[in-house]
Amino acid sequence: MNPGYARVLFVLGLIIVAAIIAVTRKAWAPGAFHALPSIWRIAKITVAEARRRRVLHAVVVLVVLILFSMTFFSYLSPQEQARMLISGGLAAITVFGILLAIFVGAFLIPQDVENRTVYAILAKPVRRFEYVLGKYVGALIILGAVVAVMTAVLVGVLAIQDRLVADLPESPFNPNLGGVIFAAVMSYCSLAVLTALIMLISTVASTTMTVVSAFIIWAVGSLQSQIYDLAESATGATKLVLLVIYHVMPKLENFDFRHQVSNFISYSVYSGWTAVLHGIGYTLVVLILASIFFNDRQV
Amino acid sequence: MSSQEAVLQTEGLTKIYRSLFTPAGVKAVDGLNLSVRAGETYSVVGPNGSGKTTTLKILLGLIFPTSGSASIFGRSIADLAVRERIGFLPEDAYLYDCFSGEELIDFYAGLFGYPRKRRRQLVDELLSLVGMQANRRVPFRECSKGMRQRLALAQALVNDPELLILDEPTSGLDPAGRHQMTRLILELKRRGKTILLCSHFLAEVEEVCDRVGIMYRGRLVAEGTLSDLAGEATEIVITTAGIGEAAAEQLAQQAVVQDVKDGVVRIENADESQLWAVLESIHRAGGQILEVTRPRPTLQDVFVRAIGEEAQ
Amino acid sequence: MQTRRSRKWLSVGLMVGVLMLIVPLQEAIHRTRPSLFDPDRRDRRVSAISVGPTPAVIAALGGFRTVAADLLWLKAENVWHGGSWWAMLPLLDAVTQLDPHFLLAWKVYGWHAAYNLNAESETLVDKRFWLRRGIENLERAVEANPDTWEMYFELGWTLFDRAHENWRAAHYFKLASELPDAPHYVSRMYYRSYEHVMDFENLFPAMEWALSRHKDVAMHQKLVRRDIEWWTNHWDDPQEHRRQIVLENTARKQRSVPYHMYPDDPYWDVCPVCGLPSPKGSEVCENPLCGHRLRAEAGGESLQPSAG
Numbered sequence: 001m002n003p004g005y006a007r008v009l010f011v012l013g014l015i016i017v018a019a020i021i022a023v024t025r026k027a028w029a030p031g032a033f034h035a036l037p038s039i040w041r042i043a044k045i046t047v048a049e050a051r052r053r054r055v056l057h058a059v060v061v062l063v064v065l066i067l068f069s070m071t072f073f074s075y076l077s078p079q080e081q082a083r084m085l086i087s088g089g090l091a092a093i094t095v096f097g098i099l100l101a102i103f104v105g106a107f108l109i110p111q112d113v114e115n116r117t118v119y120a121i122l123a124k125p126v127r128r129f130e131y132v133l134g135k136y137v138g139a140l141i142i143l144g145a146v147v148a149v150m151t152a153v154l155v156g157v158l159a160i161q162d163r164l165v166a167d168l169p170e171s172p173f174n175p176n177l178g179g180v181i182f183a184a185v186m187s188y189c190s191l192a193v194l195t196a197l198i199m200l201i202s203t204v205a206s207t208t209m210t211v212v213s214a215f216i217i218w219a220v221g222s223l224q225s226q227i228y229d230l231a232e233s234a235t236g237a238t239k240l241v242l243l244v245i246y247h248v249m250p251k252l253e254n255f256d257f258r259h260q261v262s263n264f265i266s267y268s269v270y271s272g273w274t275a276v277l278h279g280i281g282y283t284l285v286v287l288i289l290a291s292i293f294f295n296d297r298q299v
Numbered sequence: 001m002s003s004q005e006a007v008l009q010t011e012g013l014t015k016i017y018r019s020l021f022t023p024a025g026v027k028a029v030d031g032l033n034l035s036v037r038a039g040e041t042y043s044v045v046g047p048n049g050s051g052k053t054t055t056l057k058i059l060l061g062l063i064f065p066t067s068g069s070a071s072i073f074g075r076s077i078a079d080l081a082v083r084e085r086i087g088f089l090p091e092d093a094y095l096y097d098c099f100s101g102e103e104l105i106d107f108y109a110g111l112f113g114y115p116r117k118r119r120r121q122l123v124d125e126l127l128s129l130v131g132m133q134a135n136r137r138v139p140f141r142e143c144s145k146g147m148r149q150r151l152a153l154a155q156a157l158v159n160d161p162e163l164l165i166l167d168e169p170t171s172g173l174d175p176a177g178r179h180q181m182t183r184l185i186l187e188l189k190r191r192g193k194t195i196l197l198c199s200h201f202l203a204e205v206e207e208v209c210d211r212v213g214i215m216y217r218g219r220l221v222a223e224g225t226l227s228d229l230a231g232e233a234t235e236i237v238i239t240t241a242g243i244g245e246a247a248a249e250q251l252a253q254q255a256v257v258q259d260v261k262d263g264v265v266r267i268e269n270a271d272e273s274q275l276w277a278v279l280e281s282i283h284r285a286g287g288q289i290l291e292v293t294r295p296r297p298t299l300q301d302v303f304v305r306a307i308g309e310e311a312q
Numbered sequence: 001m002q003t004r005r006s007r008k009w010l011s012v013g014l015m016v017g018v019l020m021l022i023v024p025l026q027e028a029i030h031r032t033r034p035s036l037f038d039p040d041r042r043d044r045r046v047s048a049i050s051v052g053p054t055p056a057v058i059a060a061l062g063g064f065r066t067v068a069a070d071l072l073w074l075k076a077e078n079v080w081h082g083g084s085w086w087a088m089l090p091l092l093d094a095v096t097q098l099d100p101h102f103l104l105a106w107k108v109y110g111w112h113a114a115y116n117l118n119a120e121s122e123t124l125v126d127k128r129f130w131l132r133r134g135i136e137n138l139e140r141a142v143e144a145n146p147d148t149w150e151m152y153f154e155l156g157w158t159l160f161d162r163a164h165e166n167w168r169a170a171h172y173f174k175l176a177s178e179l180p181d182a183p184h185y186v187s188r189m190y191y192r193s194y195e196h197v198m199d200f201e202n203l204f205p206a207m208e209w210a211l212s213r214h215k216d217v218a219m220h221q222k223l224v225r226r227d228i229e230w231w232t233n234h235w236d237d238p239q240e241h242r243r244q245i246v247l248e249n250t251a252r253k254q255r256s257v258p259y260h261m262y263p264d265d266p267y268w269d270v271c272p273v274c275g276l277p278s279p280k281g282s283e284v285c286e287n288p289l290c291g292h293r294l295r296a297e298a299g300g301e302s303l304q305p306s307a308g
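Residue numbers (this note's numbering), protein chains in the order written: chain A, 1 to 299; chain B, 1 to 312; chain C, 1 to 308.
Be careful, since some hints might not be right.
Mimicking DSSO-like on lysine-lysine, the simulated pairs with C-alpha atoms at most 27 Å apart in a straight line are [as the list claims (entries may be wrong)]:
| # | chain 1 | residue 1 | chain 2 | residue 2 |
| --- | --- | --- | --- | --- |
| 1 | A | K26 | C | K75 |
| 2 | C | K222 | C | K253 |
| 3 | C | K8 | B | K27 |
| 4 | A | K44 | B | K27 |
| 5 | C | K75 | C | K8 |
| 6 | B | K27 | B | K117 |
| 7 | C | K215 | C | K253 |
| 8 | C | K253 | C | K127 |
| 9 | C | K215 | C | K174 |
In case anyone wonders, no lab produced these hints; they're calculated from the structure.
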């Protein structure tokens, strides 16, 4: 594949997004003045509530422990150690990130509805879409903080290992820090898209249903290529359904650079940023749908 | 707004809950025509399932009516500007339980866009008003029921609303707590706020309300001031001592005497001369008159009567 | 109420329409990424994935193939230190199936088969089997990683050092040295392959080619010039020829690989039995421990194979 293709797509994506924003500014600009502070307030309380619940701290501590435990493989050569740390560390960040996205995304709105804490908020001059967006922004901040901490720990561990094995004459350690940070950022972007989809479901379903649906989405997302294969061999309505599922599910794989980074294979940064642009568009549509459904939700 | 203008008005408000198990639907609110005037304290009372909370939720935009309309301050309930002027105390004080009182007030004040200085002022003012200054840093989940209700009232007052909607403000409170809450409501009434109150506790409703509406099965079955609803007191109760059985039987035969039991004589719809005749009969029979009273019907009586009639 | 509902579904329809426009772009983005996993590999033989450690299987299904490969790799290491060499290969096979870019796994598999298992084998058949296995594995590694110099080099080295297939080795060394980041010694190995079999027709052009590479590396330039000078002065030195033949065929003997017969050598005939050189035209092998007849009878033709 021509490497310039990714760059072209990226520039095209930027132009499209800018055009959409410019063309629709009359629709969103006036409301934004009122909406942004409310969204920010709800985001802040969402983050504050998550901080009060010790679960997040436990998750971060667990991941940090896992990352440190990977340094115990000192019998491996530096090259193997680097690979273990990078692939294992990025995998831990992704796994815990996904679990966190599922539980944070699934609990935010349904819990407020089930606890009826949403009554006091919606009785205030807060539009329903501001509430949904506020919750989403809060989720993004929570996920971002956790991913940032885990990435910082991983980078720290890699840097320390690099320093420790610097005098060894064997194959270089090569911590590939730039790649690790890029892979972690892309992982975070995929979590942002996943969280939006989970929140869409949570606006119409209960907590349990949302968690179950979120795991199904994750499973379907991981098995996308198998679904495509199944769709190719299926016929009629089944084929249509499978193809729709395949295409509509967000291709989180486009954000996955862990493999390239662990194996020190070159990757196209533009491919990643184009996926992010696409993800932004997808997320916006999903959030608008979530707002529409929540607007009609009888709490 | 003049005191006679309606702050809140509903016309034919109806809410039907439909589900797979009840395709025909359950009418939670049935053609409700409610009107609350500026400055008055209006209470909606009714048994569980009568549609009180549903009505409040419709007014606050938490659920949507099947038909009919409602307006607050002359504007549709869907208008966001309405919510700038109302305050809502939800039943059982559902607020974020990991935050303290001051954090909660600060958050809700922030939703109205108040700057930090104003929010700090509000926190102090409101916590003083509801008597929570000393416990401002206690997390909501560690507060007693009474403290929670007071905090919930404080958050409802954050925007100094013209209309307050209180859903069961004293539910779950001990007598001291109920007393405190009632005093607060009276204070707010004194400050000129319009209050729409839903409650089970008829005694406190009697204490604070100007008008009462009795709801049953989604319909307003009776409405008016307490005296309108209670009507004239027609019964007179005479407490006596020393009347023998024969004398009691003779007394009971008089037209206006309803009942003579254990020395208590009840007469109904008696004019003055008939009353004196009964008193004389007691005296002639050798009985001692201990007490003569004309008890007023309580709201409880009115309530039971209205529900009973409606049930029939 | 009706207007509200119809407005809601109109908005939903509009958003779904926008979504339908956006989602096909995902495929386009997906195609800008290099295909990491060849779909044909699905049909390969079942390996330790189906019987391997459960966390690895779950991780593989969850899209964490790299982590699954790591876990199996650790198990392979344990197995190695535990002494069961034979169990390593299926595990390494699984590792490379899960993660074809895990170069070390390919290298260890190739080395383990072509060196350790080859050396451990008692019969010639077994030795050749393991050597073949190692080389085939490295050929698959090269297919899976066509853009990295390391696998070409590894294959070239195994062919050169273990199988003594010098011409094939030279081909792979050259391919390796043309790829980015290949170290300078790779281009020197290219001509070394020819040197060991004294293929002067290819040796000198190969040395010139190696000289034209890595012009900024002084040591490389110095070493290549030294080799060019040496062979320019000694290409027709009979003793140098003898030295090379002895070296090469001794090594081949140790590897249980057939001797190289040096058919065009002007000075020496190679004994097919002991692989050592005897002066051209000798009737009997000069090696006192061998004594093999090099000519059928006096004046007869050499029993040496003719030039290919």
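Now the hints, each set against the structure:
1. A C-alpha spacing of about 61 Å is found between A/K26 and C/K75, which places the hinted pair above 27 Å, so the restraint is violated.
2. Between C/K222 and C/K253, the direct Cα distance comes to roughly 33 Å. Violation of the 27 Å bound is thereby established for this hinted pair.
3. The hinted pair formed by C/K8 and B/K27 meets the criterion: a straight-line CA distance of about 24 Å does not exceed 27 Å.
4. Of the supplied pair hints, the one linking A/K44 and B/K27 is violated, its CA atoms being roughly 39 Å apart against a limit of 27 Å.
5. Among the hinted pairs, C/K75 with C/K8 is inconsistent with the structure: their alpha-carbon atoms are about 57 Å apart, more than 27 Å.
6. For the hint linking B/K27 to B/K117, the alpha-carbon distance of about 47 Å lies beyond 27 Å, and the restraint is violated.
7. Annotation: proposed proximity of C/K215 to C/K253 is violated, straight-line Cα distance about 38 Å (limit 27 Å).
8. At most 27 Å may separate the alpha-carbon atoms for a hinted pair to count; C/K253 and C/K127 meet this at roughly 13 Å.
9. Taken as a hint, the C/K215 and C/K174 pair is honoured in the structure, with Cα atoms around 17 Å apart against an allowance of 27 Å.
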